[in-house]
Each structure stands twice: as structure tokens, then as C-alpha cells.
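A.B. asks: Sequence:
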Amino acid sequence: MLPFNPRFSQLAFDPATQPLPKRFTFPYYYEPHPLANQAIEGLQRYLTDQSNALEDVLHMGRMFGVLVVKDQDGVVGYLSSVSGEKPTALEKFVPSILDSTNPELQYIQNKIDNLRCKLDKLNDDPDLHQLNLELMSIKSESSIALDSHQLRIKEAKKDRKLQRNEAEAEMSPEQLASFIKSLGEQSSQEKRQLKKLKHEWLKKIAFVEEQLRNQNATVNAQKDACRLELGKLTKLNLQQRTFLNQHGITQSLYHLFKDNTQLEPIVNSEHENAPKLLQYAFKHQMKPLALAEFWWGPAPEKEIRQHKNLYPVCQSKCYEILNHMLDGIETEPSPLTVNLAEGKELDIIYEDDVMVIVNKPEEFLSVPGKTILDSVYTRIKSRYPNATGPLIVHRLDMSTSGLIVLALTSEANRSIQKQFIERTVEKHYVALLEGEVEEESGVIKLPLAGDLCDRPRQLVCFEEGRKAETTWQVLNRIEGRTRVRLYPKTGRTHQLRVHCAHRLGLNCSIVGDDLYGYKQDRLHLHAEYLRLIHPVTKKVMVFTADANF
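At the far end of the sequence shown sits residue 549, using this note's numbering, and the numbering has no gaps.
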């Protein structure tokens, strides 16, 4: 019998009534296995009981993970993990893959931090800054001085002309010739002075420019040396982050990404739950059976996270890592490659020679995806083989149902596209929200940006997000839910879903939202109203389609 392991929690398991999973969880989209649900309940009870001891973790909210495993004695249980570097001394959670207390790693990281700090300082070198200011100042002074001198020459020329006119009336020919000669000498002297002045200023400018070139060369040489050293240390740093699979083969982050010039590992990928759990299981000869992750605690400021809700593994951070770690382990088939539109018909609301209005079902792509070609575009292209132009004018999310307009000619496409760009097209959506919205109507203005570390999710980002505005109105409230009508002024990705779910928006996710709320049979969001100008007749066209929820 194996010695007691505080990180292994045994599950109440009866193989006669509850079979083990036949295949491992597809990590990026899953329904948790009953044993994984049992593990989640066990870990959530633990988090509730240990809330004081876990205060450093729970005050900010974290993603937690469970891995159902079978140990060497054949006992079924689960391992627990919390994302990030291990923030607590409690032995319930598996350790980080990387031991951040390792002196060698600390030394490497400190050198990397110091080099980055040095690069930042070099990018804002005070001597370069001062020389640039000095060069700007000298050029400005030069321009002022030369302009002033040329103005004096111009005035002197006018004065000499007056003197000559007076002299021609008063002087003898001999006196006039001598006087004109003296005037010419004055003009030549002024030109020589201007040439000398230009030369002096050019000399001053050239001197500062030479100093600037030398300082730039010095700074750039230091930058190149920093970048070279930083590259070596970063490679060494990535080589320290190694991941194990069931075959006992280890691969570092560096080797997992070194042959892909388009990708690079996202910082701290090794602190994600799935890699940590699998690493611990393989090190202790445990067989992984099922995986699940959930959020516990308050949501971050920018992201949308629901307390106790289940979430998939972050594909952006973990895809290459898990490809290695799960090598040889059969996983459930990816639901993301299943064509959910199969067997569904497109409801044609309106059609003529130049445009078509379609009522798109939920879970139906607007345009072909990476693995699924069936879409509104392909269906309409097949139905109207002589159509020209791109067909698609706008899109709906795959999970959103409702009205879409398609143009059958290039001219119609340009006309309708122009209306969308100028925001003269009117669109209304209806949505069913989890929870009761207190107010009756309002406007949400929350700028949105893509979450680069967790695509396709969107973030509320006031620093770099794009403007997004939605007007909303409550239609009714029933059984703890609210039905609302939504009027988007802009058309950002997932705008309505984020504006409903975010705490600074309506703080009520749309029913069935698997990204920002709780997954159900469907996303309860429907494009019910569309008003536009016909591209040929120029008549106002209004289309409606009731939601089926």
C-alpha cells in the first residue's frame, strides 16, 4: 500500500454502478464526467472550510482544477490545483512545475529582470534626450538668426535703391559711379556675412549631430549586447520549464516552440492547472482519467468569471504543452469539430434579385470555420450560384440566432456595407438574462479588447479597448430571469454578451452563455429586428423574426 499522500483525495467509487471514463477529457470544451463533478464538490467543500487559511488566494479569485486519477494501487481519487505559483503552504494542492525558490532559476530571472530594466533605461537615455533637445534648440536658433539676417539684407536692399534714386538726381556722373560701386560692395559684404553665418550655424549643428550619432551608436551597441544576452538567458529560462508525459519523456517550453516562428510561449503557461496536475500525476505513476476547472471567488477587473462556474483549459496558453503531455492518451472527440448545423434549415425571410434576409438558427456558423465548412455563406452560395461579390455583409456569432442580410451582387454589397459602416442600419436583439435587472433601461459604454491569452474571450479594457456602446430596455422579469431588448450602437465581437455579463454592465450573463456565463442548451440571444434601405429601390425595408425562447 502506498504511503499517505495529502494531495491525493480518494473518491467514493463503485465500479459496478459508475464506470470509469473510457477516454480522457477533451480539455478545451467538455461536460465534466460524474467523477470529476464529485471531485469538484469535494474541493469546493474544502475551499469553504479552509476559507481563512486560503485568504491570500480567495480574496482575488482563482481558477482551480481537479484531475481524477487512479494510483498505483488502483485507488481512484483526485488531485487539486490552483492557478499561479503556489500561494499557500497548504499541502492540498499540487506544487508548481517550476521551483521558483531554486537559486539558479532565481539568478537567471534576476539577470533577465536587470537586463530588461537596463533596456528600458537605454530606451530613455538621458544623454540622448538632452542631445536631441540641444539639436532642436540649435536648429531653431539657426532658423531665427538666418531669417533675421535675410530680413536685414532685404531692408538694406530697399534702402540702397532709395539712395540710388536720390543720388541719380543730385550727383554728377563720376560721383554717381563711385556711389553705386560702394552700394555694390555693401551688398556683396552682406551676402558674404550671410554665407559665413550659415556656415557657422551648420558647423554648430554638425557638431551636435556628431555627438548624437556617437551616443546613438553607444546606446545601440549596449542595446544589442543586452538583447543578445537576454535572448540567451530567455532560452535558458524556457529550457528550465519542462513537462513530462506518460512515456516519461520531458520537453521544455523552448523545445515545444523553437520550430514555430509564428508562436511563442505565453508567460507563466507552466502555472496553469492542467499542466501542473498532469505533471504531478505522471511523476507519481498515476493514471489521468478526467479533468475539470472552475473559478472560485470574485472576478478580475477586466475579465468575466462566474463563481463556481466550470471553464475549459486555456487553449492559448496550454495547447502546445498539452499536445506533448497527453501524447498517447486517447481523449474525447472535440465538440468543436462537430457540425451542429447538420439537419438544420435556413429560414429565408425575404429574397429578391439583389439581397436575401435569413433567420439563422443558433449554433450555426455565419461563414466557414477552420474545420466546419457548413455555414450561412456556403448554403446561400449553393442556393444562388450566380451571385457575385462576397455575399456576406455582416455576421452573427455561431451561438446567436436571428436575422442576417446577404447581398447577391457586388453593387448591393457595397450599398448595404456602407449603411453598416455609417451605422444607419437599425438592429434589435432580444436576450434572456440570468438574474433580475433592477433598472428599466439604460446605456452601457464599456470598451472591449480581445483577450490575447484566452481567445476568443473579450476583455473590458479602458486603456486599449475599442469603443462599444449598447442601449438596453427591460421587457419583463420572470422566475429570477430578465428578458431585455438590446440596441447595439457599435458591433464589437461579443459586445452584447460582455455588456450583459460584466459587473460594470448589467451584471447578468445571457442564459446559456458558455463563455461569460453558464452553459445550457443554447445561448438565449436573438437578432429579432433589422431595418435598412434597399440597395436598388432605396425603399425602407423592415424585417422581424421572433425568438424561439
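Derived from the structure by calculation, the hints contain no laboratory data. Please note that a few of the clues may not be correct.
Said to hold, decoys possible - Quick list of in silico lysine-lysine cross-link-like pairs, DSSO-like style, CA-CA up to 27 Å:
no.: 1; residue 1: K198; residue 2: K181
no.: 2; residue 1: K139; residue 2: K161
no.: 3; residue 1: K161; residue 2: K191
no.: 4; residue 1: K302; residue 2: K519
no.: 5; residue 1: K92; residue 2: K258
no.: 6; residue 1: K181; residue 2: K196
no.: 7; residue 1: K158; residue 2: K111
A.B. asks: Does each hint hold? Answer for all of them.
C.D. replies: Hint check results:
no.: 1; hint: K198 - K181; verdict: holds (26 Å)
no.: 2; hint: K139 - K161; verdict: violated (33 Å)
no.: 3; hint: K161 - K191; verdict: holds (17 Å)
no.: 4; hint: K302 - K519; verdict: holds (21 Å)
no.: 5; hint: K92 - K258; verdict: violated (35 Å)
no.: 6; hint: K181 - K196; verdict: holds (22 Å)
no.: 7; hint: K158 - K111; verdict: violated (70 Å)
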